[in-house]
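Here's the letter readout for the chains.
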Amino acid sequence: MLRNTVADSKRKSYATELYARASRVWNDFWFQESSTKTVSLVRIFAGFIIIGMGVDSFLSLPIWLSSTGLLDVSLTRDLIGVKKEWDSIFQPSLLYFLSTKLSIQLYLGLMIGAAGLMVLGIGSRWTVAFVYLLFLGICHRMPFLIGPAEYLMCAVLLYLVIDPGKMLRPSRFGLSDNTNRFSAHLALRLLQVHLWLWMFFACLSQLAAVIWWEGEAAWFLAAQHKAFLPTALLAKNAVLVNLITHGLILSQATALVCLSKKLTRPIGLAAAMIAWVGIGVVSGDIYYAAVGIVASLSYLDLYLEPVVQ
Amino acid sequence: MHGKYRKLISAGIGIHLLLVGLAMAANLAPSQVQTAVLAVCSPYLKTLNLELGLVPVELTHNFAELEGPFRFQVQFQGDSADRWKDVARIFNGASDRMRLQRLGREIAALQIEERDNEVAELFSQLVRGIRQTDSGKEIARIRLQREMIFNRTDFNSPEYETLKEDDKMIKMFQAKVITIDNETSLVQELEDRRASKSVLPKDADSKKQ
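As given, the protein sequences belong to chains U and H, one line each in that order. Here the first sequence is numbered in the numbering used here, starting from 1 and rising by one per residue. Here the second sequence is numbered in the numbering used here, starting from 1001 and rising by one per residue.
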């Protein structure tokens, strides 16, 4: 009887201790104040990428989306499996209602302009939310023609809405203005965890294929004309192909491990940068690499105060 | 921060990241359970564009049927029968080339699912889109080919050098373009979905004709 009571009380104290410690770790992780400098940096570069994407699509997107273009509304709905008007409520886009070349270009112009304001930090989170909505509109209008870059950019913008940092000032790009905010910390943490999950699952998916283990993935991407690598050079050089392929996996794995701890974070950040540049080179998707690098900047807590574990 | 808000925010963070993790885990080969849970959560994930679908975050599996590279080509009126122009050269933007590859992937997936009407409709609209680029000529034929990917050993072999451009292609779709009163229709040519290099001996081909 007495033994049972002691065991019960031990179990209870273990559960209480576990709950208390888990709560403390959770609160330390999510609920602190951080400097707005890092989110500002992420916002500025994300804005530049949106401008780049918008300018790149300015002339060509109407050819795809206008009423006389490649993907009229009814065909798009057929392709994405939307049978009823009501279904599309979850993939809303103003572009479904814009059918002329001019109106689509105005839409893109608006997005580019708003992204410019976002870079400057004018309008704070409202501008970021507006850019996010316009960018989401493009993604929802042609979901099967967008790639990983757009998906990752949507996540970056979503978290920047929580806290986009401070307005850009002439002195030191406004990054000297040190303000600590709870929302800045939350936005950074969400972006960090999201990026970590992304890299983790991307790395796992790569390792599900034999060619990544065989070290031949870089060759196949080059042979598919995706990589910014000379096919002729890779064809003759097995060691180089293997090194690039294994190096890409190794840099991603190193980033995943090292980004998790404060002490090893600089190594993790360097590995993540190498991984994203490598991904850009072998996949040929510059935007994907650029968004990955910008999202990785969320780990750049040089300015973060207090020090985050 | 007040404890009540902290609990609410914590619940929000937990649910959000759980769904994000689920969407990512279901990217490559979702299980039935993942598919069912995603279907329930798709209003949230789709609205925020967090549901990845089959976006190739793995970059390559060397699954050539879906990875390509795909080559959309057109033949203009008056051009000789063996002269084709890559649509990628007609479009200008860097994103367009990537979009064309993704469109090729979509068409390959539609062909696997035998959704032939949608494939034909896509090509009709592609013809309309190309006309907008002011190429100046009327399109006579359109086709989609998938380039064969050789492993390095085969690529370096002397036999590879002897292969013609057409021998490295698999024809996925080919059609004549007929325009009457601004209405475009496509008449599919018989050779589609078959390797352009005939698998039959030459005399068998001539007997068939």
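A portion of the hints provided could be inaccurate.
[Stated by the list, open to error] Rough simulated footprint, nothing fancy, chain U against chain H, three-plus residues with beta-carbon under 8 Å: (1) 1008-1017; (2) 1020-1027; (3) 1056-1063; (4) 1081-1089; (5) 1144-1158; (6) 1165-1177; (7) 1181-1189.
[To be verified] In silico DSS-like pairs for lysine-lysine, Cα to Cα no more than 30 Å straight-line: (8) H/Lys-1168 - U/Lys-101; (9) U/Lys-10 - H/Lys-1171; (10) U/Lys-236 - H/Lys-1164; (11) H/Lys-1085 - U/Lys-12; (12) H/Lys-1171 - U/Lys-236.
[As the list claims (entries may be wrong)] Interface residues of chain H toward chain U, partial, derived using beta-carbon atoms under 10 Å: (13) Ala-1094; (14) Glu-1138; (15) Ile-1139.
None of these hints come from the bench; they were simulated from the model. Glycine residues also receive a C-beta, built at the ideal position from the N, C-alpha and C atoms.
Results of checking the hints against the structure:
1. 1008-1017: Per the Cβ count (5), the hint holds.
2. 1020-1027: holds (count 5)
3. 1056-1063: n = 7 at 8 Å, threshold three: holds.
4. 1081-1089: violated (count 0)
5. 1144-1158: holds (count 7)
6. 1165-1177: violated (count 0)
7. 1181-1189: As far as the region 1181-1189 of chain H goes, the hint is violated, because 0 residues have Cβ atoms under 8 Å from chain U.
8. H/Lys-1168 - U/Lys-101: 38 Å, violated
9. U/Lys-10 - H/Lys-1171: Violated. U/Lys-10 to H/Lys-1171 sits at ~71 Å, over the 30 Å cutoff.
10. U/Lys-236 - H/Lys-1164: This hinted pair holds, its Cα atoms lying about 21 Å apart.
11. H/Lys-1085 - U/Lys-12: 75 Å, violated
12. H/Lys-1171 - U/Lys-236: Satisfied, since the Cα-Cα distance of roughly 29 Å is no more than 30 Å.
13. Ala-1094: Holds: closest Cβ of chain U sits about 6 Å from H/Ala-1094, inside 10 Å.
14. Glu-1138: 16 Å, violated
15. Ile-1139: Constraint on H/Ile-1139 not satisfied, violated at 14 Å.
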